[in-house]
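K.L.:
Here are the chains, one letter per residue:
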Amino acid sequence: MAIRDDVLVVGGGLAGVAAALAASEHADVRLISHKQSTLRHASGLVDVLGYPPEGGEDADPIAEPFDALADLPEGHPYERVGADAVREGLALFDDAVGDTYVGSHTDRNALVPTHGGTVKPTARYPKSAAAGLASDGRDALLVGFAALTDFDAPLAADHLAAAGVPFEARGATVRFPGEFRDDAKVTRYAHALDRNEDLNGVPARTALAEAVKPHLDGEERVGFPAVLGDDDPCGVRASLAEKLDADVFEVPMGPPSLPGLRLEDRLYAALAEAGVHAETGNPAVEVEAEDGRIRAVVVDRTGRPVPYHADQFVLATGGLVGKGIDSDREAVREPIFDCHVPHPSDRYDWFDADAFGDHPFARFGVDVDSDLRPRAADGTAEYGNLRAAGGVLGGYDFAAEKSGGGVSLATGYAAGTAAGRAAGGETSDAAIPGDTT
Amino acid sequence: MTHTTEVLVIGGGSTGTGIARDLAMRGVDVTLVEQGNLTHGTTGRMHGLLHSGGRYAVSDQASATECIEENRVLRDIASHCVEETGGLFVQRPEDSDEYFREKLEGCRECGIPAEELTAAEAREVEPYLAGDVKRAIKVPDGAIDPFRLCVANAVSAENHGARIETHAEVVDLLGDEDDVTGVKVRHESGPGKREHATPGTTEEMHADYVVNATGAWAGQIGDMAGVDVEVRPSKGVMVVMNCRQVDTVVNRCRPKGDADIVVPHETTAILGTTDEEVEDPAEYPEEGWEVDLMIDTLSELVPILEEARTVRSFWGVRPLYEPPDVGSEDPTDITRDYFLLDHEERDDLRGLTSIVGGKFTTYRMMAEEISDHVCEQLGVRGECRTADEPLPGSEHPGNLDAAMDRFGLRSPVARRSTQRLGSRTEEVLASADPNPVVCDCEAVTRAEVQDAIASAGTDLNAVRIRTRASMGNCQGGFCCHRMAAELHPEYDEPTAREALDELFQERWKGEVHALWGEQLSQAALNYALHATTMNRDRDPARTGGVDYAAFDDGPGAPDAAGEGRGVATDGGDHGD
Numbered sequence: 160m161a162i163r164d165d166v167l168v169v170g171g172g173l174a175g176v177a178a179a180l181a182a183s184e185h186a187d188v189r190l191i192s193h194k195q196s197t198l199r200h201a202s203g204l205v206d207v208l209g210y211p212p213e214g215g216e217d218a219d220p221i222a223e224p225f226d227a228l229a230d231l232p233e234g235h236p237y238e239r240v241g242a243d244a245v246r247e248g249l250a251l252f253d254d255a256v257g258d259t260y261v262g263s264h265t266d267r268n269a270l271v272p273t274h275g276g277t278v279k280p281t282a283r284y285p286k287s288a289a290a291g292l293a294s295d296g297r298d299a300l301l302v303g304f305a306a307l308t309d310f311d312a313p314l315a316a317d318h319l320a321a322a323g324v325p326f327e328a329r330g331a332t333v334r335f336p337g338e339f340r341d342d343a344k345v346t347r348y349a350h351a352l353d354r355n356e357d358l359n360g361v362p363a364r365t366a367l368a369e370a371v372k373p374h375l376d377g378e379e380r381v382g383f384p385a386v387l388g389d390d391d392p393c394g395v396r397a398s399l400a401e402k403l404d405a406d407v408f409e410v411p412m413g414p415p416s417l418p419g420l421r422l423e424d425r426l427y428a429a430l431a432e433a434g435v436h437a438e439t440g441n442p443a444v445e446v447e448a449e450d451g452r453i454r455a456v457v458v459d460r461t462g463r464p465v466p467y468h469a470d471q472f473v474l475a476t477g478g479l480v481g482k483g484i485d486s487d488r489e490a491v492r493e494p495i496f497d498c499h500v501p502h503p504s505d506r507y508d509w510f511d512a513d514a515f516g517d518h519p520f521a522r523f524g525v526d527v528d529s530d531l532r533p534r535a536a537d538g539t540a541e542y543g544n545l546r547a548a549g550g551v552l553g554g555y556d557f558a559a560e561k562s563g564g565g566v567s568l569a570t571g572y573a574a575g576t577a578a579g580r581a582a583g584g585e586t587s588d589a590a591i592p593g594d595t596t
Numbered sequence: 033m034t035h036t037t038e039v040l041v042i043g044g045g046s047t048g049t050g051i052a053r054d055l056a057m058r059g060v061d062v063t064l065v066e067q068g069n070l071t072h073g074t075t076g077r078m079h080g081l082l083h084s085g086g087r088y089a090v091s092d093q094a095s096a097t098e099c100i101e102e103n104r105v106l107r108d109i110a111s112h113c114v115e116e117t118g119g120l121f122v123q124r125p126e127d128s129d130e131y132f133r134e135k136l137e138g139c140r141e142c143g144i145p146a147e148e149l150t151a152a153e154a155r156e157v158e159p160y161l162a163g164d165v166k167r168a169i170k171v172p173d174g175a176i177d178p179f180r181l182c183v184a185n186a187v188s189a190e191n192h193g194a195r196i197e198t199h200a201e202v203v204d205l206l207g208d209e210d211d212v213t214g215v216k217v218r219h220e221s222g223p224g225k226r227e228h229a230t231p232g233t234t235e236e237m238h239a240d241y242v243v244n245a246t247g248a249w250a251g252q253i254g255d256m257a258g259v260d261v262e263v264r265p266s267k268g269v270m271v272v273m274n275c276r277q278v279d280t281v282v283n284r285c286r287p288k289g290d291a292d293i294v295v296p297h298e299t300t301a302i303l304g305t306t307d308e309e310v311e312d313p314a315e316y317p318e319e320g321w322e323v324d325l326m327i328d329t330l331s332e333l334v335p336i337l338e339e340a341r342t343v344r345s346f347w348g349v350r351p352l353y354e355p356p357d358v359g360s361e362d363p364t365d366i367t368r369d370y371f372l373l374d375h376e377e378r379d380d381l382r383g384l385t386s387i388v389g390g391k392f393t394t395y396r397m398m399a400e401e402i403s404d405h406v407c408e409q410l411g412v413r414g415e416c417r418t419a420d421e422p423l424p425g426s427e428h429p430g431n432l433d434a435a436m437d438r439f440g441l442r443s444p445v446a447r448r449s450t451q452r453l454g455s456r457t458e459e460v461l462a463s464a465d466p467n468p469v470v471c472d473c474e475a476v477t478r479a480e481v482q483d484a485i486a487s488a489g490t491d492l493n494a495v496r497i498r499t500r501a502s503m504g505n506c507q508g509g510f511c512c513h514r515m516a517a518e519l520h521p522e523y524d525e526p527t528a529r530e531a532l533d534e535l536f537q538e539r540w541k542g543e544v545h546a547l548w549g550e551q552l553s554q555a556a557l558n559y560a561l562h563a564t565t566m567n568r569d570r571d572p573a574r575t576g577g578v579d580y581a582a583f584d585d586g587p588g589a590p591d592a593a594g595e596g597r598g599v600a601t602d603g604g605d606h607g608d
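Chains as they are written, first to last, in the working numbering: chain A, 160 to 596; chain B, 33 to 608.
Isolated chain A, as found in the complex (with noise of 0.2 Å):
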């Protein structure tokens, strides 16, 4: 059985998403991927922007991203797509997204407290997040529940006081209703509120809100750990909300993170939509490559190697968390397509002796040129029919600047139309649409 597509995107985090969907406007497109996306360790907050590569760790955080992205220096990926692609992958974004999250009505950057009590810039939140942001006035009481150990609700409370937001900001720790071991996953919690479980003899949602009641003393918000529902989110926090008549939100959580795994489904729905064929489970091992060319992808389908043919490949299989960039005690490569990646050749110089650090690894990525197809060591392109996207682009620190949810939407978005019009026949291989710089 042949396989054959105009467009392959090998990644399936937001990327990939990003890159097939973009490239489903021009052409026939495959993603792959062959685990599940690192969307389930993030908070689900899609960052632009959010601090400057280079301001240090004292610097404060930006306000306005869309102003910034000018400064930024040459081998960004900001840089590279130029701020067009950020508005259009944005755009891409809210789409697929539909009203599950808030932010397109602004360009400014929203601060939303984290888990760990801190606040941090985003541009786009789920909606689940909205009712607590920091610049909102309203005060909060925070709720932790006695057995979840990643968010200690007093704790952020005064974490949040100490950050110096403009409301009092109060936790509360309570036991969860009903019968729950006391290591439960997060994902148990939001099921029996999905499904409003009989928690000894109350619909869990009731319970709940009882538990919290006595805790609430006018607040206007009332805050959770990211556990309000899996399938029905909505549905959950307009029950609290309306036993409580308080507004409520969630404060998103690390892994396994609720807000991520929302927002995946949300994606693929997004793509069988736009009639993108993707499928998961299966690595992608090796290239066919011919004359500069790829010709195909070979995928390791449980021992048997099954070649992927396209026109137009699209690489979006993340950078080191997601394992599209590997290293040994020698090296650092990136696996499938054997691209370049710049590094010192020391490994004690791949990080900084701070854990907070400017860390050379958190760069370490393929070097693109302004079509966004990676380059060899000399300079040139490595395939013309190659073209990268998301975290597997080096040259940007997005965990210190709060830029991966951006940087992927904006290099998917380029790359992906990228493709779509080449293997579309509407442009050559090399050329980029809408290539500002």
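Don't read these hints as lab results, they were simulated from the structure. From the three backbone atoms N, C-alpha and C, an ideal C-beta is built for every residue, glycine too.
Here are some chain A residues the structure puts well away from chain B; computed CB gaps all over 10 Å: (1) Glu238; (2) Asp243; (3) Asp254; (4) Arg329; (5) Arg454; (6) Pro501.
Restraint-style ranges between C-beta atoms, simulated for each label pair: (7) Pro521(B) / Asp513(A): 25 to 31 Å; (8) Gly143(B) / Pro519(A): 51 to 57 Å; (9) Glu137(B) / Pro519(A): 50 to 56 Å; (10) Arg354(A) / Val105(B): 55 to 61 Å; (11) Pro373(A) / Arg574(B): 31 to 37 Å; (12) Thr233(B) / Asn359(A): 49 to 55 Å; (13) Trp321(B) / Pro519(A): 17 to 23 Å; (14) Glu338(A) / Glu101(B): 49 to 55 Å; (15) Gly414(B) / Pro373(A): 56 to 62 Å; (16) Gly377(A) / Pro521(B): 17 to 23 Å.
Pairs of lysine to aspartate or glutamate residues, derived as EDC-like cross-links and limited to a Cα-Cα distance of at most 20 Å, are as follows: (17) Lys541(B) / Glu216(A); (18) Lys288(B) / Glu137(B); (19) Lys288(B) / Asp129(B); (20) Lys288(B) / Glu126(B); (21) Lys482(A) / Glu550(B); (22) Lys541(B) / Asp508(A); (23) Lys482(A) / Glu339(B); (24) Lys541(B) / Asp517(A); (25) Lys194(A) / Glu550(B); (26) Lys288(B) / Asp365(B); (27) Lys541(B) / Asp513(A).
Take the given structure of chain A and dock chain B to it, following the hints.
P.N.:
Here is chain B on its own, set in the frame of chain A:
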């Protein structure tokens, strides 16, 4: 502020805490001071090997005999700190038959049970041994948790009335050129249980007798007293692997050399080590080639180590000592024997004895000898009971599993807790309700963390060494913040935050020696979780000055989905 005690012990490692326990049990009033955590120096930086003595059976039979004797004692009195893994001395084709024979005979001469195994038999014990190994000698090596052991000694000492003061650095000795009468310490502690005084203050502690049990730091205390204690600190690297590639201690059967041992330790295996003299026990280079040497050389014995995941590396310094005039060039030639230096006899300085050299496995025997010596000086008559009386946690071994069912923990979690807590299991686990898992990698629950906080205060590194929380594959990425949260509300937010930062940085320090492959991926994830998800790298609570009004405060008006906000704000537009 002054304090008076009969004996002041400097050094909170195995020797110091062992001495404090021994003396306290004999009814002596003891105070112990330690510049950092318990085990801060050498004890916390070893590979956790409980020697059978096999290692010294050729080169140093006196040490070998002491080891097997103490090995048996520790299995008895510290059963909850010891894992009886057994050990192998493995001969590769290039290793000499002559030495193999000497090792086997040496073990027998020293009373160490030793059995020769064929290559096939050895691989039955350790399936991951290289295919070409020739044969092996089986000995009763074991693994021991030095943290748990030290803490148990300190707790026992306290139970017998001793004062244990950590984070108290000796900055001067009291007395004159003829007589040491105490020490002056500077308290470095933050708030919490580690305090007896305000941080930054100094305290004079008067004592009838002072024991210098500071190991590699003994020369520095000697300098304060104006006497020469010629310790020769020698560094060794240890590389921590992600899981137990071996379940027995695997030694290379050859005379001496770097990178010749793998010790299974809790959920990990630890590769060791090098032996290189350094100037300063606290400041020395930690180099990548040392890490590479461990992996490359030990892969000859256990080939999967080449591909295995390395989680961190750490270095320790041995307090080597040799009497004047021996003049060894190579630190591996220096004896592992211990020496009791009575400074009155040696330097005409009354009131001070140093103990130097020695091995972790024989710490109790050293403590006994020095305690005998001190008692003689003080005219105290008390019998040493440390070889017979179990340490706290090891009093009632066995029958713990049945008790575990009551706590509703998943069985692997319960098993780990039981192993760590020993006979204190019931008491500790009954103290927290609910009792969720705080550290997933090492299966450490809230109850254990709270129990450790009760004795260690805000020092999360001390909590770590008591519980193993944050010592697994994620190296604290997923649990450091949870551990810090356990400090609140007893301790305030800035204290919890500072403790978190301190632990996170400490974990990072060792991780950097394993930053490739899986562990680099893990480090990148940890960095992302703490920097991206929590914004801890640019925390506004630290940087301050955020202009909140300049940021989005939401779309403002009640939205179409009917989830209106309780109060309409100014419309969400502050303008430019």
